[in-house]
Amino acid sequence: PWGRGASEYRPGLFTKQYFVEHDEACAADVYYALSEEIRRLNMARAEIGEAPFKRPNYSSFAKYFHWFKLLGLVEPTDRREPAIYDFLEERQFYRLTDKGKAEEAAWQDPVRTAHPEFG
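Okay, so the sequence shown: first residue is 1 according to our numbering, each after it adds one.
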């Protein structure tokens with residue numbers, strides 16, 4: 001697997017589950033929830049002496065999220081909201097596509113799914 005897809009923790013699977021539970025979301029909301037989940041898991045891992053998972057920065061997550069869009073796993077909705085800061089773009093919301101609901105491998109490793117020749 002490539003990038004965070006190679007880590008023990010699969011942020012793509014978390015992203016899919018987040019959309020299943022929330023119907024629609026923007027990438028920032030998914031990222032904040034992912035960050036909180038990794039923090040929670042790392043607290044538990046510390047108690048048993050396991051190495052912590054690394055949390056991606058937002059830029060890395062946004063690039064990762066872009067693969068889900070390219071693969072047709074998520075699609076934009078009509079919902080937009082102002083960004084937290086004026087200099088940022090509006091928050092675009094997305095939902096799972098039927099393909100995104102059925103797919104599993106692409107959520108685990110979107111780069112390899114898009115480019116099997118890298119295998």
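There could be a bad hint or two in this list.
[Said to hold, decoys possible] Taking lysine to any residue and the SDA-like style, the derived pairs with C-alpha atoms no more than 25 Å apart in a straight line are: (1) Lys99 / Arg79; (2) Lys54 / Gln17; (3) Lys63 / Tyr32; (4) Lys54 / Arg40; (5) Lys63 / Leu13; (6) Lys63 / Arg91; (7) Lys99 / Pro82; (8) Lys99 / Lys54; (9) Lys63 / Asp109; (10) Lys69 / His22; (11) Lys101 / Leu88; (12) Lys63 / Phe93; (13) Lys54 / Ala33; (14) Lys69 / Ala44; (15) Lys63 / Glu47.
Rather than coming from a laboratory, the hints here were simulated on the basis of the structure.
Pair hint outcome, Lys63 versus Tyr32 [Cα-Cα no greater than 25 Å]: holds (15 Å)
Please work out if Lys63 and Glu47 have their alpha carbons no farther apart than 25 Å. violated (32 Å)
So if I understand the rule, the pair passes when the alpha-carbon distance is 25 Å or less; does Lys99 with Lys54 pass? Answer violated: Lys99 to Lys54 is near 29 Å, above 25 Å.
Please verify whether Lys63 and Leu13 have alpha carbons no more than 25 Å apart. Within the cut-off at roughly 16 Å; holds.
Decide if the proposed pair is consistent with the structure: Lys99 and Pro82, CA atoms, cutoff 25 Å inclusive. Violated - the C-alpha atoms of Pro82 and Lys99 are around 29 Å apart, more than 25 Å.
Holds or violated: are the alpha carbons of Lys54 and Ala33 at most 25 Å from each other? holds (15 Å)
Could you grab the alpha-carbon distance between Lys69 and Ala44 and see if it respects the 25 Å cut-off? violated (32 Å)
Given hint Arg91 paired with Lys63 - CA-CA distance at most 25 Å: With a Cα-Cα distance of about 15 Å, the restraint between Lys63 and Arg91 holds, given a limit of 25 Å.
Holds or violated: Lys54 to Arg40, with C-alpha atoms at most 25 Å apart: holds (12 Å)
Sort out whether Leu88 lies within 25 Å of Lys101, counting only the CA atoms. Violated, at roughly 30 Å.
Lys69 and His22 were given as a pair; does the straight-line alpha-carbon distance stay at or below 25 Å? holds (17 Å)
Are Lys99 and Arg79 close enough, with their CA atoms no more than 25 Å apart? Since the Cα atoms of Lys99 and Arg79 sit roughly 21 Å apart, the hinted pair holds (cutoff 25 Å).
Comparing the model with each earlier hint shows violations of hints 7, 8, 11, 14, 15; every other hint is respected.
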